[in-house]
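Visitor: With chain A held as given, fit chain B onto it using these hints.
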Amino acid sequence: MQLRPLSILLLLVFAIQMPLLAQDNKDNINAIDTYFKQYVDDDRFTVVYISGKLFQMLGKLDKETLNVEGDEEAQALMDIAADMQGLRILTAEVGADALYNEAKQKIDTKIYQQLMTVRSRDGDNFELLIRENSEGKIQELLMLGGGDEFVLMSFIGNLDLDKISRLADEFEH
Amino acid sequence: MHMAFDEQKMDQLLERYFQGETSLEEESWIRQQCQRPDLPDQYLPYRSWFTVIEEEANRSLDDSFETELLDRIHRQQRQARVRRLISKPWQVAAAVVLALGLATWMWTSDGASQWTSTSDQIDWSQYEPDSPEEAAQIYRKAMLRVSTGMNTGAAKAANKLEKLEEIGAFFK
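Sequence order for the protein chains is A and B.
Count along the first sequence from 1, then add 328; that gives the number in the numbering used here.
Count along the second sequence from 1, then add 56; that gives the number in the numbering used here.
In isolation and in its complexed conformation, chain A is listed as follows:
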């Protein structure tokens, strides 16, 4: 059988696109791997990772273990945990502001949209960014914090801002 150039062209296009589309859906794409890889092996930083499997196990824990104040808070926490595929945390107590500014410069704002920026009088900085997938759903929530401590948290999963907002309300009450 002889393939026409157009058929070969279409096959090649699909061959190129498939791994890229597959990669887009991988849950391991995150800001820390992309921009802050060098911090992970740096002794100044505390690194924590909670995998998707651990999040699944959280659903089996009771309220006391979770150390929550009420059923609604526990429910709000579990609702978000059910959608979570990974949480990566980097913290450092030395040079927090410099690290915060460096992190802000490194994050590509073409990929991460700014959701909220807070700058308080006592020097505590807070920034929330999101990364959406090709369907417009939030795939990653990135939190940057400066001030007394530098905090960088990358939440990966099918995230729902309404659920996070509900939890924020519960924490406030």
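FYI, nobody ran anything at the bench for these hints, they're computed from the structure.
From a predicted model like this one, the values you see are computed outputs, not experimental measurements.
Possibly wrong hints are sitting among the right ones.
[Said to hold, decoys possible] 25 angstroms max Cα-Cα, derived DSS-like pairs, lysine-lysine:
#1 K197(B) / K212(B)
#2 K365(A) / K197(B)
#3 K434(A) / K465(A)
#4 K365(A) / K381(A)
#5 K438(A) / K388(A)
#6 K432(A) / K465(A)
#7 K365(A) / K388(A)
#8 K432(A) / K365(A)
#9 K197(B) / K491(A)
#10 K212(B) / K432(A)
#11 K381(A) / K491(A)
#12 K212(B) / K491(A)
#13 K388(A) / K491(A)
#14 K465(A) / K438(A)
#15 K197(B) / K381(A)
#16 K465(A) / K381(A)
#17 K388(A) / K197(B)
#18 K438(A) / K365(A)
#19 K432(A) / K144(B)
[Unchecked claim] Okay, the calculated bits of chain B under chain A, using three or more residues with CB under 8 angstroms as the criterion:
#20 116-125
#21 194-204
Think of the CB as a built atom: it goes at the ideal place given N, C-alpha and C, for glycine as much as any other residue.
Guide: Only chain B this time, still in chain A's reference frame:
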């Protein structure tokens, strides 16, 4: 009978010749002088130079040369056409594939920086908490931090809005 050799004119014209300033007539005159049997010794080295040029200028090619040259040109054109007919669709296909691939890469995979960065390069499992209980505590603290930031931001925004309303009321 030859006229007397005009050394002064010869010197002048030779100098101008090597500066590229002589006319065709003047060059012809030099050539003629160089062929004279009574050419003074100091001009003998120029004889061979101008004789060769004279010979080359008078050389003619026979018809077979032209025929062979045209034949070669036609052969090359035929070969070139065959090569283009084979390769052009492939060139177009390759260009389109590259362009589409690059565009897809830029649009769907959040840019080039992620191409080289996958979690395979960091062994995240070594940073996992020892138990689900510990993970739960960390998760709650993380969400508390995010929530506090969001609430602070919301409060600040509300405060700003309130102030704006006050300013608006003042100007009414």
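Visitor: Are K438(A) and K365(A) close enough, with their CA atoms no more than 25 angstroms apart?
Guide: This hinted pair holds, its Cα atoms lying about 20 angstroms apart.
Visitor: Taking 25 angstroms as the top limit, are the C-alpha atoms of K438(A) and K388(A) close enough?
Guide: violated, 39 angstroms
Visitor: Decide if the proposed pair is consistent with the structure: K432(A) and K465(A), CA atoms, cutoff 25 angstroms inclusive.
Guide: holds, 23 angstroms
Visitor: Given the hint that K465(A) pairs with K381(A), test it: the Cα-Cα distance must not exceed 25 angstroms.
Guide: holds, 22 angstroms
Visitor: Does K491(A) lie within 25 angstroms of K388(A) when you go C-alpha to C-alpha?
Guide: holds, 20 angstroms
Visitor: Do the alpha carbons of K365(A) and K388(A) lie within 25 angstroms of each other, as the hint requires?
Guide: Violated, because 32 angstroms separates the two Cα atoms, which is more than 25 angstroms.
Visitor: Taking 25 angstroms as the top limit, are the C-alpha atoms of K432(A) and K365(A) close enough?
Guide: holds, 15 angstroms
Visitor: Quick one, are K197(B) and K491(A) close enough, alpha carbons at most 25 angstroms?
Guide: holds, 16 angstroms
Visitor: Next pair to validate is K212(B) with K491(A); report whether the Cα-Cα distance is within 25 angstroms.
Guide: holds, 21 angstroms
Visitor: Establish whether the coverage given for the stretch 116-125 of chain B by chain A is satisfied; the threshold is a Cβ-Cβ distance below 8 angstroms, and no fewer than three residues must meet it.
Guide: violated (count 0)
Visitor: Given as covered by chain A, does the stretch 194-204 of chain B meet the bar of three residues or more with CB within less than 8 angstroms?
Guide: holds (count 10)
Visitor: If you draw a straight line from the CA of K432(A) to the CA of K144(B), is it 25 angstroms or shorter?
Guide: violated, 48 angstroms
The structure fails hints 5, 7, 19, 20 (numbered hints given earlier, in ascending order).
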